[in-house]
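Enquirer: In order, the protein sequence lines correspond to chains A and B. Once you know that position 145 of the first sequence is 132 in our numbering, the rest is easy, because the numbers rise by one and skip nothing. For our numbering, add 20 to where a residue sits in the second sequence, where the first one is 1.
Just so you know, these hints were derived from the structure itself, not from any lab. Note that CB positions come from ideal geometry on N, CA and C, so glycine has one too. A couple of the hints might just be wrong.
Pairwise CB distance ranges (calculated) [claimed, not checked]:
id, chain 1, residue 1, chain 2, residue 2, range
1, B, Ala159, A, Asp39, 53 to 61 angstroms
2, A, Lys16, B, Asp386, 48 to 56 angstroms
3, A, Ala154, B, Asp269, 36 to 44 angstroms
4, B, Glu385, A, His3, 54 to 62 angstroms
Computed list of lysine-lysine pairs in BS3-like fashion (alpha-carbon distance at most 27 angstroms, straight line) [claimed, not checked]:
id, chain 1, residue 1, chain 2, residue 2
5, B, Lys322, A, Lys16
6, B, Lys275, B, Lys155
7, B, Lys163, B, Lys347
8, B, Lys310, B, Lys463
9, B, Lys275, B, Lys163
10, A, Lys16, B, Lys303
11, B, Lys163, B, Lys341
12, B, Lys322, B, Lys310
13, B, Lys367, A, Lys93
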Amino acid sequence: MKRVASVAVLPKIDQHVHATVVEVTTRLKDQPGALLPVLHAIQDALGYVPEDAVPLIAREMNLSRADVHGVISFYHFFRTQPSGNRVIYLCRAESCQALGAVALEKHVKARLGVDYHQTTADGAYTLEPVYCLGNCACSPALMVDEELHGRVTAERFDAWLESQTTATSTESK
Amino acid sequence: MSVTVYVPRDASALSLGAEAVAEAIAREARTRKAEVSVVRNGSRGLYWLEPMVEVQTAEGRVAYGPVQADDVPGLFEAGLLEGGTHALSLGLTEQIAWLKNQQRLTFARIGIIDPRSLDDYLAHDGYRGLEAALKMKPADIVKVVTESGLRGRGGAAFPTGIKWKTCHDAEADLKYIVCNADEGDSGTYADRMIMEGDPFVLIEGMTIAGLAVGATVGYIYLRAEYPHARDALHAAIAMAEAEGYLGDDVRASGKAFHLEVRMAAGAYICGEETSLLESLEGKRGQVRFKPPLPAIEGLFGKPTVINNVVTLACVPIILDKGAKHYKDFGMGRSRGTLPIQLAGNLKRPGLVERAFGLTLRELIEDYGGGTASGRPVRAVQVGGPLGAYVPASRLDTPIDYEAFIEIGGMLGHGGVVVFDDTVDMAEQARYAMEFCAIESCGKCTPCRIGSVRGVEVIQRMVAGNAAERERNEVLLRDLCQTMLHGSLCALGGMAPFPVISALDHFPEDFSRAVEKTGA
Ligand SMILES: Cc1cc2nc3c(=O)[nH]c(=O)nc-3n(C[C@H](O)[C@H](O)[C@H](O)COP(=O)(O)O)c2cc1C
Ligand code: SF4
Ligand code: FES
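The following block holds chain A by itself, in its conformation from the complex (with noise of 0.2 angstroms):
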């Protein structure tokens, strides 16, 4: 990759951004092929790679902005918009298909009111399609942040996101 710094002024960006980049840069930058293990540790720390941490990450990487962001846009992973305080990754690949998957595609986006990518109005779930959690001996399966679920149904999904509400009303009681 090159190897061009750049010295455009770098803009503004949120004091709490700039220091986690600058913490993880300065942590992991000199691992070779050091660019995905940053981004990871960003979007483990702030939740997403800000749009406007680009040009940070890129002076502190040593690399230009065109770079990192080529980087960040190619894989389905990393997002530059924050999410929901939880991530439903679904999964739409051929096993859980042979099971139902595309019906029950259909039940989730509808009872989030969401489609993929999309945020809930409340803020509480992003969707996210994915291609195989290698769960597939128990299609249907879907994915809350780090949690997978197996053999997932309308009713089962219905039942897991009430039980949510039910836990999040009483925990702020």
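Mind docking chain B with the ligands on chain A? Use the hints.
Expert: Quick look at chain B with the ligands alone, frame taken from chain A:
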């Protein structure tokens, strides 16, 4: 005396409530003041019975399943800790026919041992392959792997020994071993089961590969969708480092091998080996032209062996028991065993490791028990999203690399996805093109643009009248030929397989939707 109870920590078992079961067992044991130690094993691969709980008894391990948390008090009441009888009893685990009729070499320990215990690994023949390899010359290790007949289990089925020899012969100050743990194919989960259920076998396999070719650094490129495997690998690598199985001086041999897990970021194409290398280098995962071969000029321009998880996990037993032992399993040029992953619409989905040569029918009927829906099998996709759809009339095809090429398909990573007669094959063909469009790395036009056109043409076929359908079928077949011959890698080059097989074997599904439903 404390009784050992096994509750899998396997991701699929967790997805069905295994964590709550483990907690319920601990709670119930406390209430009853029973001494129980709960071991979190991998899965035995009998997924329709997960969460499957096992209890160690004098006669052997006794299984129960599928167990839910609220079954636990009843199980204790029925004498779970003595292997007592209950409605969920499955008898002695080793006697369950589905498991007994397998030939588990690569999966020998999975579901049996505690994946977070190096001692348990050592007690079950772990690291015997490495001990043998440490006494050998690198070229001799390569020779054993070559003689075993092992071919890559990631998809392309390339002879592993030949790849290793190329890397061994390359002169360089630094070489790498890269494990391809991107497992992107739908219907496959063998890599995941190994990493979660027996992570040390992968570490051992990579260490042996390092000794064989003279590589001192290894990377496991792991898909982002596998957080449980990530945790298992991190734990195992830390233990292996602490005990001198990884590091600057592996087992006081004077040889170094360092290992690191690198997370992927959700791009299917990064399972392709050169795209994977680009990604490891911190770039967009665009496919490289070959040559140079990665074995000569791979990661950061250095000679690199890239192998799939299963391939590398086969290596320790080959070094331990010898090339002949492994080679004696199998048929034709497909030697050894294959962990086959049964998925989709089946009564008994799960992991079947058998020598090459058994048929799809045996897998689907004898192991799989037919469809979960009870309806007839209509199509079977073998080898992931780029694999052909096999019609029910071809179920007697043996599990053998060459036999699948003959029927216009591929065995790939050994995933078998079963569909019943409610499947709409035009929709499956459309999806195959859509998937290719979503996941294309964008380097070649036939793949990037052709797949988008493919989706449109199939939609027109299904929506149009007979003449429209015929015209578009010609277009679609043409397009498939262009993709087959004009693509740099197998994503664009094989995405036509599911499409052409759907057209050839299920032409009726491409007729107008109105005719089809009779509405
Ligand atoms: C589009 C595409 C996706 C692939 N995905 C994987 C994968 O997820 N895992 C894998 O091991 N090999 C995958 N491969 C095959 C690799 O390119 C390569 O052949 C393999 O990693 C070599 O290891 P092996 O010889 O041990 O099979 C893929 C190939 C292509 C063309
Ligand atoms: S066939 Fe598709 S995925 Fe493969 S190199 Fe070409 S554009 Fe990239
Ligand atoms: S196809 Fe959905 S988990 Fe594999």
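Enquirer: What hints, given by number in increasing order, does this structure fail?
Expert: Going through the list in order, the structure violates hint 3 alone and respects the others.
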